[in-house]
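Asker: Residue numbers (our numbering), protein chains in the order written: chain A, 898 to 1074; chain B, 53 to 127; chain C, 33 to 263.
The hints are simulated quantities; they were obtained by calculation from the structure and are not laboratory data.
Remember, it's a predicted structure, so these values are computed and weren't measured experimentally.
Check before you lean on any hint, since a few could be wrong.
Claimed, not checked - Think about it this way: if two alpha-carbon atoms lie no more than 30 angstroms apart in a straight line, the pair counts; the simulated BS3-like pairs of lysine-lysine are: (1) B:K127 <-> A:K972; (2) B:K71 <-> A:K1071; (3) B:K104 <-> A:K1067; (4) B:K75 <-> B:K127; (5) A:K1005 <-> C:K56; (6) B:K127 <-> B:K104; (7) A:K1071 <-> A:K1007; (8) B:K104 <-> A:K904; (9) B:K127 <-> B:K71; (10) B:K77 <-> B:K54; (11) B:K104 <-> C:K253; (12) B:K71 <-> A:K1008; (13) A:K1013 <-> A:K961; (14) A:K1005 <-> A:K907; (15) B:K75 <-> A:K1010.
To be verified - Which bits of chain B does chain C cover? Going by a derived footprint, with three or more residues having C-beta under 8 angstroms, they are: (16) 56–68; (17) 72–81; (18) 100–108.
No residue lacks a Cβ here, since even glycine has one placed at the ideal position from N, Cα and C.
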Amino acid sequence: MDIKKNKYYKLWLKDAWPYITGAVLLSLFQIVTLATTGNPWGVSGVLATWGAWMYEAVGGSVDKWYYFASEGAQKSLEGGLINHGGSIRNIGIIIGALIATLLSSGFKIKKLKSWKQVVAAVLGGLLMGYGARIGFGCNIGALFSGIASLSLSGWVYAVFLFLGAIFGSKLLVKYFM
Amino acid sequence: MKEVELDCNGEACPIPLVKAENKLKEMEIGDVLIVQIDHSCAMKNVPEWARKEGHNVEIEEIDDGEWEIIIEKVK
Amino acid sequence: MDEPKTTGIQRSSTRTKRVRKKKKSQLPYGIAILLLAVIFGILLGTKNSGMPIFWITGLAFGYILQRSRFCFTASMRDPFLTGSTSVTRAVLTAFAITTIGFAAIKYGAFVKGLPIPGQSYVVPISFATAAGAFMFGVGMVIAGGCASGTLMRVGEGFTMQILSLFFFIIGSLWGAHDFGWWKLNVILKGKAVFLPDVFGWIGAVLIQLLIIALLWIAADKWEHREKLVKN
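Chain A on its own, in the form it takes in the complex (with noise of 0.2 angstroms):
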């Protein structure tokens, strides 16, 4: 028996399914997320988190500032990463993501091809970071778990980012194309 023209095999390890089927599954956990964990779905604000961390590591200290005065967050900082949920969550994605790719045997690494790319994944990451944290929250938590939550912050968030994505593309395609 090839596996590779199994059926099973082709459609749930192999192929590469409809984006309807990736919006419905992405939805069932989404709820799932807010059902178990108290919460819904969230990315950067762990990568502050992360960022804090790293910047303790070199010897910095956070300690003093508002974004982290809270006591939950003194205690999320001071419990690591194995007590962090949201961390785990995030490396979670990052394995799924390179479980997908290798049951499907499409892993390859992609090396950076041209100063362009590093310009724009720079620019990019800092802006994204920044952006982030000051509108609070990324295209899952401020978008998608914004507006599944029914706050109107979700709607003012997606027309701007949606602005923002029409003046990102012309830039992409002017100068990093």
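Add chains B and C to chain A, keeping to what the hints say.
Answerer: Quick look at chains B and C alone, frame taken from chain A:
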């Protein structure tokens, strides 16, 4: 009937699609464009766009994480 | 949908066809990592019993995102850049489904007199929301991936996204550093609006679903607009 290869390996999305669109504009009806990609998004959005435009499209997986999208310009 | 056509596109015979390298399937590696992930989950549970659910949902999100090539960046960018709204419509569908699921959970708590769970993203609307979202929108398109997309692509082996993630972390720290200023000078001027407070629970859900439906129709028409023009 010309065959043109477009190497988009290592490009971030949506660059393979934009490059493919631009290249196909320069080509004649009946020509074949072969887009080489290693981006999983592109193996979906390039064929989707090409089919929407009415062209004949075939996807070939040529290696782990590498595909060739073969587009025959129809109109 | 991807069944090979029997007629096939004619390829010139002079062109040497790329021979598919006879590589081993990566399936065994995938299974190995999956088993390690399961073991890690179990061990994690012994250290902190609240953690495995985060690990499981994370793995699920990562698997689903990669399998369906789901990209929020594409949903916002493609309508403008390529005229395609297929991802946009999928995202709208996800909004609709989660609206119903979230509302059900929240209303269930509310009706029992319990505190409403998951209100962490019901936040004040101010200039900071607009500025932050705009910055994020620009950043995600340039970087080739949003927050979830970046994590997904790290798992797929894109070194560009590893770099992007690193600077996402730096940017987040920078934003956290400045957050106090933003809170004092901008965010406090804003107000959070929880739609059920304004329209009631059923009203809020219906209005939101209606808006999503209208956006869906608009996206659908946008996708097919050229056909309309040509005809």
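Asker: For which of the previously enumerated hints does the structure constitute a violation, in increasing order of number?
Answerer: 1, 13, 17
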